[in-house]
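Asks: Protein chains in written order, with the working numbering: chain E, 1 to 137; chain B, 138 to 543.
The set of hints was computed from the structure by calculation and includes no laboratory data.
Treat the hints with care, as some may be off.
[As the list claims (entries may be wrong)] Chain B stretches covered by chain E per the calculated footprint, using a threshold of three residues with CB under 8 Å from any CB of chain E:
| # | stretch |
| --- | --- |
| 1 | 276 to 282 |
| 2 | 292 to 298 |
| 3 | 351 to 359 |
| 4 | 398 to 405 |
[Stated by the list, open to error] What follows is a set of in silico ranges between Cβ atoms, one per label pair, in the way DEER data are often shown:
| # | chain 1 | residue 1 | chain 2 | residue 2 | range |
| --- | --- | --- | --- | --- | --- |
| 5 | B | VAL213 | E | GLU74 | 49 to 59 Å |
| 6 | E | LEU75 | B | LYS281 | 12 to 22 Å |
| 7 | E | LYS50 | B | ASP408 | 23 to 33 Å |
Ideal placement from N, C-alpha and C gives every residue a C-beta, glycine not left out.
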Amino acid sequence: MAVDPIVSAFREALGRGELLVQRCEDCGKLNMYPRHACPFCQSFRLGWAKSEGRGTLISYTVLRFGAPEGFEHELPYALGIVRLDEGVQLLCRLEPDADGGWNHFACDQPVAFVAKPAEEVQRRPCAWFGPAAGTGH
Amino acid sequence: MATQGALATSVQSENDPVFVGVGELPSGRYPNRSFIGDLTHVALLALADAGMKPADVDTILLIPNLHSFDAQADLVFSRMVEELGIAGQAKASFMVHSGGSTSDNVVRTAAGLIASGHARTILVLHCERWGSANLADMVTMLSKNGIPAEWELPTGLQFNAIGALITQRYMASTGSTPADMAAVCVTLRKWAQLNPNAMYRGKTLTVEQVLASRMVADPLHAMECPMLADGAAAFVMTSAGNARARGLDSRVRIAGSGGCVSHYSIGQERDLAALGWAKAAEDAYAQAGWGPHDAQLAEIYDSYAVVTAIAVEGLGMCAKGEGARWFTSGAADPGGTFPCNTNGGLLSAGHTGVGGGTALLVEGIRQLLWRAGPERQVEGCVRCIIGGSGGSYMDSQVLLLERAGA
Chain E
1 MAVDPIVSAF REALGRGELL VQRCEDCGKL NMYPRHACPF CQSFRLGWAK SEGRGTLISY
61 TVLRFGAPEG FEHELPYALG IVRLDEGVQL LCRLEPDADG GWNHFACDQP VAFVAKPAEE
121 VQRRPCAWFG PAAGTGH
Chain B
138 MATQGALATS VQSENDPVFV GVGELPSGRY PNRSFIGDLT HVALLALADA GMKPADVDTI
198 LLIPNLHSFD AQADLVFSRM VEELGIAGQA KASFMVHSGG STSDNVVRTA AGLIASGHAR
258 TILVLHCERW GSANLADMVT MLSKNGIPAE WELPTGLQFN AIGALITQRY MASTGSTPAD
318 MAAVCVTLRK WAQLNPNAMY RGKTLTVEQV LASRMVADPL HAMECPMLAD GAAAFVMTSA
378 GNARARGLDS RVRIAGSGGC VSHYSIGQER DLAALGWAKA AEDAYAQAGW GPHDAQLAEI
438 YDSYAVVTAI AVEGLGMCAK GEGARWFTSG AADPGGTFPC NTNGGLLSAG HTGVGGGTAL
498 LVEGIRQLLW RAGPERQVEG CVRCIIGGSG GSYMDSQVLL LERAGA
C-alpha cells in the first residue's frame, strides 16, 4: 500500500534532519498533524514550512512496562507532547541524558528538535526532542 | 397527557424516554462464562428488572466488545435477536460505538428513537471478555486504538502512556501530589467493598500501597492502572407512556446531556488538564435546568484517576484545580457529601472495555431506581451526574439523570 504523500514528505524531511509543519498555501495557517484539506479554509493547496524546531514541553512520560508490539526491547523510553513556537503541537520521543534517564525534563520547559540519522527515521519515523541548550535541570 | 411526578421537572410527555430496568453480571476473571451466554443472562436480568419479557422489546442496541472482532460481528449481524427468541418480531438490532463513551451515545440514540416514535422499548446490551483474553493481544490492540498510525504509532505510544501524559500535565498545572492522585483510587476501592459485582471486592487498598507499587509510566504506578475484566451489563428504555401503562412506577428520565469531542490524538489536545468537560457540562446543565449541587451522586469514567479528577472540576462538583484533592478530602467516599462512582468504577469494579462506562451508567440508573441494595444505596437520591470518556480521552460526555415519579 502506497504511503500517503503528506506522510512521506514529512518522513523524508525527518530523514534529512528537518522538522516540517504543513502550511496552507491559501490561508497561510499551519496544520499539525498534516491534513488532506486545510481544516481552517478547506483548501487542497497545502505545502510545507520548515519549523525552527523550538518549543515547550507540555507533558511527558517514561514508559517502563507494557510496550506495544515491536517496542519491547526499547524499554524504558520517554514520550513528550511539544508545542512548537510556531503554535502547533506534536507527540515525540525524548532524548535520555548521559545516564540514560529523563530526570532533566519537566513540564513547561523549553525543548529543541533533535535530528536523527536517516536509518533511524526509516525504522521509527517520529520526531525527537531534547532540552533546549542551557535549560536542562 | 403529562402527569405530575414527585419532582416538578418530571412532568413527562407520552414519548419521553425513560430507563425502567438494569442487569449486570459480576466483573473479573470468569474463564468458564461465555460471551453469548453472558449476553443472554444479562438481557434477561434487565428485562426481569423492568417486568418485561424479550417479546416486549422491538429494538436491540449493542455496545461493542473489544476482545474479538468475530464476536463483535455476531452482535452486528443480530445474533441476539435469535438468541432471545424475537426473530420476526424485532424491528431493528444494531451497534453504536464511540469507545468508552458509547454508553452515553447509545442513550442519546435510544432516546431519539423512542421520542420520535421509531422504537417503543429498547434493550441495550454489553458483554466483554477482556479478563479471559490473551493479555499480549489486548495490549497490542489497545496500542493502536485511538492512536494515529501515521503520526503517533511510530513513537511507541500506548494506553497507559496516554493516561500518564494527562496525569503529568494535570499534576504540574494543579500542584496535586502523587498521594492526591492515589487517593482517587482508594475512594473507588472503598466503594468496591460494597458492590458484590466488583472485581476488587474483598481487597482493600491504601495510598501507601499505591505509591509502593512499581512505576509503569511516570507518574502512573501499577495500582493506578485499570485491570482488564470480563463483565456484562444491560438496561431497558421505553416511553414514559408505555412505562405508566405497564405500572412501572420507578423510572429514570434524561434531564439533559452535553458533550465535547476535544481531539482525536493525544498529541493534539490543547488543554490536557481540562479536556472537554466544561463545555459538555455547561450544555447539559442548561438543558436540565439544574446544577452540580442539585445532584446527590455522580458516576464518572475513571480508567485513570486523572480522568475523573479533571471531570469533577469541569462538572463544577469542586473548584477548578482541586479535583484530586477533593477525593483526598473524602467527599466522594461512602458516607461522603457527594458519593462518586458508587460501584467502584473501572479502577476497582474492573475495566470491561467499552463497557466500563456502561457499568457506571447502569449503577447510576440503579441508584435512582433505589435498587442499589442496603450497603451502598444513596438514600433518597433523585439526581445523578453521568460522565463518559474513553480512548485517548477524545470526548467528554455528560448525561444528567433524574428519578421520575408515578
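Asks: If you check the beta carbons of LYS50 of chain E and ASP408 of chain B, does the distance land in 23 to 33 Å?
Replies: holds, 28 Å
Asks: Confirm or reject the coverage of the stretch 398 to 405 of chain B by chain E under the rule of 3 or more residues with a beta carbon closer than 8 Å to the chain's beta carbons.
Replies: With 4 residues closer than 8 Å to chain E, the stretch 398 to 405 of chain B meets the three-residue bar; holds.
Asks: Count residues of the stretch 292 to 298 of chain B with a Cβ under 8 Å from any Cβ of chain E, then say if the count reaches three.
Replies: holds (count 6)
Asks: Does the Cβ distance between LEU75 of chain E and LYS281 of chain B fall inside 12 to 22 Å?
Replies: Roughly 18 Å apart at Cβ, these two residues keep to the hinted range, so it holds.
Asks: Quick one: see if chain E covers the stretch 276 to 282 of chain B, three-plus residues with Cβ-Cβ under 8 Å.
Replies: holds (count 4)
Asks: A range of 49 to 59 Å was offered for this pair. Does it hold for the Cβ distance of VAL213 of chain B and GLU74 of chain E?
Replies: violated, 37 Å
Asks: Count the residues of the stretch 351 to 359 of chain B whose Cβ falls closer than 8 Å to any Cβ of chain E, and tell me whether that reaches three.
Replies: holds (count 8)
In terms of the numbered hints stated before, the structure departs from hint 5 and from no other.
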